[in-house]
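Chain B: place on chain A using the hints.
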Amino acid sequence: GAGVSQSPSNKVTEKGKDVELRCDPISGHTALYWYRQSLGQGLEFLIYFQGNSAPDKSGLPSDRFSAERTGGSVSTLTIQRTQQEDSAVYLCASSSGPTRSSYEQYFGPGTRLTVT
Amino acid sequence: AQSVAQPEDQVNVAEGNPLTVKCTYSVSGNPYLFWYVQYPNRGLQFLLKYITGDNLVKGSYGFEAEFNKSQTSFHLKKPSALVSDSALYFCAVSFTGGGNKLTFGTGTQLKVEL
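If you read the protein sequences in the order shown, they are chains A and B.
Here our numbering is used: the first residue of the first sequence is 24, the next is one more, and so on.
Here our numbering is used: the first residue of the second sequence is 226, the next is one more, and so on.
No lab work stands behind these hints: they were computed from the structure.
One thing to keep in mind: the hints can contain errors.
Using C-beta positions, here's what the derived DEER-type ranges look like [unchecked claim]:
hint, chain 1, residue 1, chain 2, residue 2, range
1, A, Gly-63, B, Gln-270, 21 to 27 Å
2, A, Ala-25, B, Thr-297, 34 to 40 Å
3, A, Ser-81, B, Gln-270, 45 to 51 Å
4, B, Leu-313, A, Asp-86, 16 to 22 Å
Some residues of chain B that are not near chain A, with every Cβ distance over 12 Å (derived) [what the hints assert, rightly or not]:
hint, residue
5, Gln-231
6, Val-236
7, Thr-249
8, Ser-251
9, Val-308
10, Ser-311
11, Thr-328
12, Gly-332
Computed from a prediction, not measured in an experiment: that's the story for all the values here.
Virtual Cβ for every residue (Gly too), placed ideally from N, Cα, C.
Only chain A is shown next, with the shape it has when bound in the complex (with noise of 0.2 Å):
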């Protein structure tokens, strides 16, 4: 079946703008994880929405990153005022479910994001 999609696949923007990132979890999944990808601080993790509870947000680097899941399906993450260290690949994972750690997540294709 299929897996998760993220879009864009590669996004570059410019210092100062907004981005906005999807991903589509594998359908039924009720956990949806976003992480980020990058040289200097390896794989970290964002952000973990399940179901309809309050999302788990400790990963988040600062307040210009904020993301959304709509109707228990699609997400978005958006990153306001773009700086370079932004710059990464964002990974989006689901995992089927309810609240236990012990479910294997699957990970999308991440969105390679490159600020200039």
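Positioned in the frame of chain A, the structure of chain B alone reads:
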């Protein structure tokens, strides 16, 4: 806080030889341990996980991993490496009561040569 260490940035092995990619972890509760593989310009692919039970878990593509609680390790192994196994491997941990977020190691580049 939870953490994962992958002490080797790169592992080189000849095709047909056994391979081991090392991982140690630190958590405050019962650990859930995962291995993921990343091919160039691709997302992460799930290989296997340890939740509970048998310490030796088997996963995709002939990979297996052994959970060792006393040594807090979860090393990835394969009896006979293939050139196509060359990729970046990540160990990750979550734990009960710690939320569902994964904490990843820094990754180990595996290179399998003919």
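These are the hints, each one checked on the structure:
no.: 1; hint: A:Gly-63 x B:Gln-270: 21 to 27 Å; verdict: 24 Å, holds
no.: 2; hint: A:Ala-25 x B:Thr-297: 34 to 40 Å; verdict: 37 Å, holds
no.: 3; hint: A:Ser-81 x B:Gln-270: 45 to 51 Å; verdict: 26 Å, violated
no.: 4; hint: B:Leu-313 x A:Asp-86: 16 to 22 Å; verdict: 32 Å, violated
no.: 5; hint: Gln-231; verdict: 10 Å, violated
no.: 6; hint: Val-236; verdict: 17 Å, holds
no.: 7; hint: Thr-249; verdict: 16 Å, holds
no.: 8; hint: Ser-251; verdict: 16 Å, holds
no.: 9; hint: Val-308; verdict: 23 Å, holds
no.: 10; hint: Ser-311; verdict: 19 Å, holds
no.: 11; hint: Thr-328; verdict: 7 Å, violated
no.: 12; hint: Gly-332; verdict: 7 Å, violated
Checked against the numbered hints given earlier, the structure breaks hints 3, 4, 5, 11 and 12 and satisfies all the rest.
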